[in-house]
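Hey, can you work out the whole structure from these sequences and the hints?
Chains L and V, in that order, give the protein sequences.
Residue numbering for the first sequence follows our numbering, beginning at 1 and increasing consecutively.
Residue numbering for the second sequence follows our numbering, beginning at 1 and increasing consecutively.
Some clues are possibly wrong.
Any copy will do: because identical chains look the same in the list, a pair fits if it lies in one copy or spans two.
[As the list claims (entries may be wrong)] Computed list of lysine to aspartate or glutamate pairs in EDC-like fashion (alpha-carbon distance at most 16 Å, straight line):
1) K194 - E218
2) K263 - D216
3) K194 - E5
4) K149 - E126
5) K107 - D25
6) K263 - D250
7) K149 - D127
8) K78 - D49
9) K178 - E126
10) K31 - D250
11) K13 - E247
Keep in mind that the hints were calculated from the coordinates and are not lab data.
There are 2 protein chains.
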Amino acid sequence: MRFVEKLQNASRKNNSLVCVGLDTDPQKIPKHLLREEDPTLAFNQKIIDSTSDLVCAYKPNMAFYEAQGSRGWESLRKTCSYIPKEIPIIIDAKRGDIGNTARMYAKAIFEELKGDAVTVSPYMGEDAVSPFLEYEDKCAFVLCLTSNKGANDFQLSEVEGKPFYEIVAEKVLSWNAKGNCGLVVGATHPEQLKRIRQIAPSLPFLIPGIGAQAGDVESTVKFGTDENREMAVINSSRGILYASDQEDFDGAARQEALRLRDKINLHRGR
Amino acid sequence: MRFVEKLQNASRKNNSLVCVGLDTDPQKIPKHLLREEDPTLAFNQKIIDSTSDLVCAYKPNMAFYEAQGSRGWESLRKTCSYIPKEIPIIIDAKRGDIGNTARMYAKAIFEELKGDAVTVSPYMGEDAVSPFLEYEDKCAFVLCLTSNKGANDFQLSEVEGKPFYEIVAEKVLSWNAKGNCGLVVGATHPEQLKRIRQIAPSLPFLIPGIGAQAGDVESTVKFGTDENREMAVINSSRGILYASDQEDFDGAARQEALRLRDKINLHRGR
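Right under this line is the structure:
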């Protein structure tokens with residue numbers, strides 16, 4: 001099944017655009033879990049159990065697992081295999097390297113971890129992205145306009161009369177022959193989000209930056225979705241994962257995911 | 001000890017600007033090594049043993065280890081700890097993400113793997129790079145102009161009257177308060193290499209693209225080094241690692257590293 005179809009199915013079944021970002025930090029998880037053999041995995045399993053009927057995707061963030069070395073890699077692999085088969089896994093990796101190296105990253109992410117999608121950086125151009133696109137049923141979300149302050153350093157610069165992020169969006173469209181590209185567009189730039197949606201009306205958008213980074217939900221839904229109010233994957237990580245540091249953290253995470261889903265759906269009219 | 005000092009010491013001791021890129025692919029290593037418990041590690045150890053008096057640095061490429069999952073991560077960690085203490089390790093990772101995530105990548109690379117330097121992508125701007133720069137004795141080589149075809153897609157675009165890679169070089173200079181930034185500049189663009197060296201006269205440059213990618217050695221040395229004909233880390237991966245697929249692969253790798261070192265030194269006048 002193609003990625004956009006898998007995403008649409010999960011999103012419709014759970015009536016949700018919420019993606020839970022699994023940025024799992026052993027220093028932030030409830031203390032009682034540290035007794036478990038693999039606290040990171042135990043935490044993720046509880047979060048998945050309590051939210052899998054409320055989300056359209058999960059997004060594990062590679063950095064948090066790599067910081068724990070090979071043990072972290074195992075926690076990540078087991079987390080991915082624990083996620084219900086019908087829910088897409090977006091591996092947040094922001095990789096970007098020359099062809100023979102990108103092929104190895106694609107193998108790591110799509111074959112070793114069995115992710116459904118990956119985030120990639122556009123800086124090195126088409127041949128750094130195309131090895132990911134050779135996997136027809138997977139998806140590469142290319143960084144377009146990110147939610148952080150540093151987005152101002154280059155992404156908003158003017159290139160040939162247009163903002164750089166627009167050039168990126170246009171290039172990505174031209175790489176989308178197999179229909180397996182997406183864009184990362186931060187919720188902290190509503191006006192630009194609107195413009196990028198005009199450029200790429202039907203691409204899936206991965207939208208970070210609500211929650212801890214204070215992006216606005218209403219404009220994110222209004223400008224980030226496609227004409228059917230779909231194809232926006234709206235991520236929240238810290239706000240859901242660490243809603244409570246007590247034993248009931250999974251219940252608190254569920255409440256937070258539910259609250260966000262409903263808030264988003266209010267602006268989708270459903 | 002600061003990174004540039006460590007690099008200079010290794011480079012002077014071995015009279016070398018050669019960096020061996022450890023892009024170790026189990027499919028390409030000599031067949032007899034597949035009997036070893038950890039073929040990747042066994043291969044790397046032989047390569048290191050046979051070249052460590054000829055190089056200024058080693059550059060393991062994360063992708064090749066990640067493609068082997070947690071086992072690959074262990075091979076990488078053990079490879080890093082096997083490299084002689086006085087030789088800098090540049091972890092080629094091309095990471096770039098928001099602050100709290102970049103901090104986790106920095107932890108993975110500088111603490112878990114004990115790398116001395118890392119390659120990072122500039123696309124997400126200063127706050128995606130600064131967590132790496134908080135480690136004063138480490139170094140972040142920021143992608144400026146890469147050696148692949150895709151460099152044409154964005155890096156050579158004109159931004160505010162200048163090529164984009166120049167804007168990146170200038171920004172990186174402004175991030176260099178602690179003296180721990182470097183630039184990645186491909187050997188396949190000699191004219192631009194010259195220009196970037198003018199912008200950043202004393203920064204260490206990591207220069208890929210000779211060998212398999214056909215960059216020219218003479219112009220790389222002439223334009224890529226600083227005023228003392230130093231501070232260029234000239235990488236070769238495949239050309240050295242896979243000089244032979246027979247039992248004498250380490251001897252062949254040594255010959256190739258020696259040949260490259262001497263060819264480079266010819267143009268340094270030493």
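Checked hints:
1. K194 - E218: Close inside one copy (12 Å), not across copies (49 Å); limit 16 Å.
2. K263 - D216: Classified as within; 11 Å inside a copy, 58 Å across copies.
3. K194 - E5: neither (23 Å within a copy, 49 Å between copies)
4. K149 - E126: Result: close only across copies, 8 Å inter versus 26 Å intra.
5. K107 - D25: Close across copies (12 Å), not inside one copy (25 Å); limit 16 Å.
6. K263 - D250: Neither way: K263 and D250 sit 20 Å apart in one copy and 62 Å across, limit 16 Å.
7. K149 - D127: between (28 Å within a copy, 7 Å between copies)
8. K78 - D49: Close inside one copy (14 Å), not across copies (36 Å); limit 16 Å.
9. K178 - E126: Answer is within: at 14 Å inside a copy they meet the 16 Å cutoff, but 34 Å across does not.
10. K31 - D250: For K31 and D250, the Cα distance is within 16 Å only inside one copy (14 Å; across copies 49 Å).
11. K13 - E247: Cα proximity of K13 and E247: none, with 29 Å in one copy and 57 Å across.
In summary, the numbered hints that this structure violates are 3, 6 and 11.
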